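The sequence shown maps to residues 1 to 226 in the UniProt record's numbering.
Please keep in mind that the hints were generated in silico from the structure rather than gathered at the bench.
Computed from a prediction, not measured in an experiment: that's the story for all the values here.
Be aware that one or more of the hints could be misleading.
Straight-line Cα separation of at most 25 Å, DSS-like style, residue types lysine-lysine; simulated pairs [unchecked claim]:
id, residue 1, residue 2
1, K53, K212
2, K113, K94
3, K53, K130
4, K3, K94
5, K131, K68
6, K116, K72
7, K130, K116
8, K113, K89
9, K221, K89
10, K116, K157
11, K68, K13
12, K113, K130
13, K212, K72
14, K72, K3
15, K3, K116
Label-pair ranges, simulated between beta-carbon atoms [to be verified]:
id, residue 1, residue 2, range
16, V74, K3, 25 to 35 Å
17, Y76, P110, 11 to 21 Å
18, A27, R214, 22 to 32 Å
19, E198, S120, 26 to 36 Å
20, R79, K212, 12 to 22 Å
21, Q80, S170, 11 to 21 Å
22, K3, G187, 39 to 49 Å
23, S120, V216, 20 to 30 Å
24, N6, Q111, 21 to 31 Å
25, V74, E105, 30 to 40 Å
All C-beta atoms, glycine included, are put in the ideal place defined by N, C-alpha and C.
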Amino acid sequence: MIKLVNVSKAYLKNVKILQDINLYIEAGEFVSLVGQSGSGKTSLVKILIGEEKVSDGRVIIGDWDITKISRKEVPYLRRQIGVIFQDFKLLPQKTLWENVAFALEVCGQPQGKINKVVSSVMRLVGLEDKKDRYPHEVSGGEQQRAAIARALVHQPKILLADEPTGNLDSINANEIVDLLIRINNFGTTVILVTHNREIVNHLKKRVIAIDKGRVVSDQEKGKYLL
């Protein structure tokens, strides 16, 4: 569950990037968050993952009020929210397997658990046969699937995909969206931040549109109307 109550964000005294955002996203939903560049989407994403704090209002993730989250608590929040970015953010000197495993190694997990979890998520994203390859040796779509596997190792309740298809062709983009739908079907809440009108309209799921820092539309089975 994600709840935003009267959330505003200002970087300068009189310039609000977000204004009075009120949202409720139920556990297990698939939501597309859309809006033009500068609409406030990026700021909202940063608030949800604890990278930015609100100027006003409250932000609740599950039963945790993260409104005034401390820097020390952010890593614990990131284990509840898996995040996927447009540019993959894979370590080039590590294989796909090592990239995924690294997310558990930095948390001090035992090797036996790491092997079990990484095998499971690599199988889920269809990369069992590519696990020993390096990022530069696979396609963009496969790099993004590895990034998704990495985001899943902590079994997060929420998966936030920030423009995950922005660097992909239409075939790879559709494969990534299909994978996100599969993950959502397991019960994970998925928030897809995207400019891709075709994908949003094809999904026929909830669409939240932001413009000039405000929620201007919230449709249960919507389309990209901006």
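Hint by hint, here is what the structure shows:
This hinted pair checks out: K53 and K212 have alpha carbons roughly 19 Å apart, not beyond 25 Å. With a CA separation close to 19 Å, the supplied pair K113 and K94 stays within the 25 Å bound. Under the criterion of a C-alpha separation no larger than 25 Å, the hint pairing K53 with K130 is inconsistent with the structure, at around 39 Å. Between K3 and K94 the CA atoms are separated by roughly 37 Å; this puts the pair beyond 25 Å, and the hint is violated.
With a C-alpha separation of about 39 Å, the suggested pairing of K131 with K68 is violated against the 25 Å cut-off. A distance of roughly 28 Å separates the Cα atoms of K116 and K72; the hinted pair therefore is violated under the 25 Å criterion. Using a Cα cut-off of 25 Å, the hinted pair K130 and K116 holds, with the two alpha carbons roughly 17 Å apart. A distance of roughly 24 Å separates the Cα atoms of K113 and K89; the hinted pair therefore holds under the 25 Å criterion.
A C-alpha spacing of about 32 Å is found between K221 and K89, which places the hinted pair above 25 Å, so the restraint is violated. Proposed proximity of K116 and K157 is supported: the alpha carbons are some 19 Å apart, at most 25 Å. Our distance criterion of 25 Å between C-alpha atoms is met by K68 and K13, whose separation comes to about 19 Å. The hinted pair formed by K113 and K130 meets the criterion: a straight-line CA distance of about 20 Å does not exceed 25 Å.
Between K212 and K72, the direct Cα distance comes to roughly 32 Å. Violation of the 25 Å bound is thereby established for this hinted pair. Of the pairs offered as hints, the one joining K72 and K3 holds, with about 22 Å between alpha carbons and a cut-off of 25 Å not exceeded. Annotation: proposed proximity of K3 to K116 is violated, straight-line Cα distance about 33 Å (limit 25 Å). A C-beta distance of roughly 19 Å is found between V74 and K3, which places it outside the suggested range of 25 to 35 Å.
For the pair Y76 and P110, the supplied restraint of 11 to 21 Å holds, since their beta-carbon distance comes to about 19 Å. Checked against the hint of 22 to 32 Å, the pair A27 and R214 passes, with Cβ atoms roughly 25 Å apart. The given range of 26 to 36 Å is respected by E198 and S120, whose C-beta atoms sit roughly 32 Å from each other. For the pair R79 and K212, the beta carbons lie near 33 Å from each other, so the given range of 12 to 22 Å is not met.
Roughly 32 Å separates the CB atoms of Q80 and S170, a value that falls outside the hinted 11 to 21 Å. Taking 39 to 49 Å as the suggested C-beta distance range, the pair K3 and G187 does not conform, at roughly 19 Å. Take S120 and V216: their Cβ atoms lie about 40 Å apart, and the range 20 to 30 Å is violated. Range check, N6 to Q111: Cβ separation about 46 Å, and the 21 to 31 Å hint is violated.
At roughly 19 Å, the beta-carbon separation of V74 and E105 lies outside the given 30 to 40 Å, and the hint is violated.
In this structure, the earlier hints numbered 3, 4, 5, 6, 9, 13, 15, 16, 20, 21, 22, 23, 24 and 25 are contradicted, and the remaining ones agree with it.
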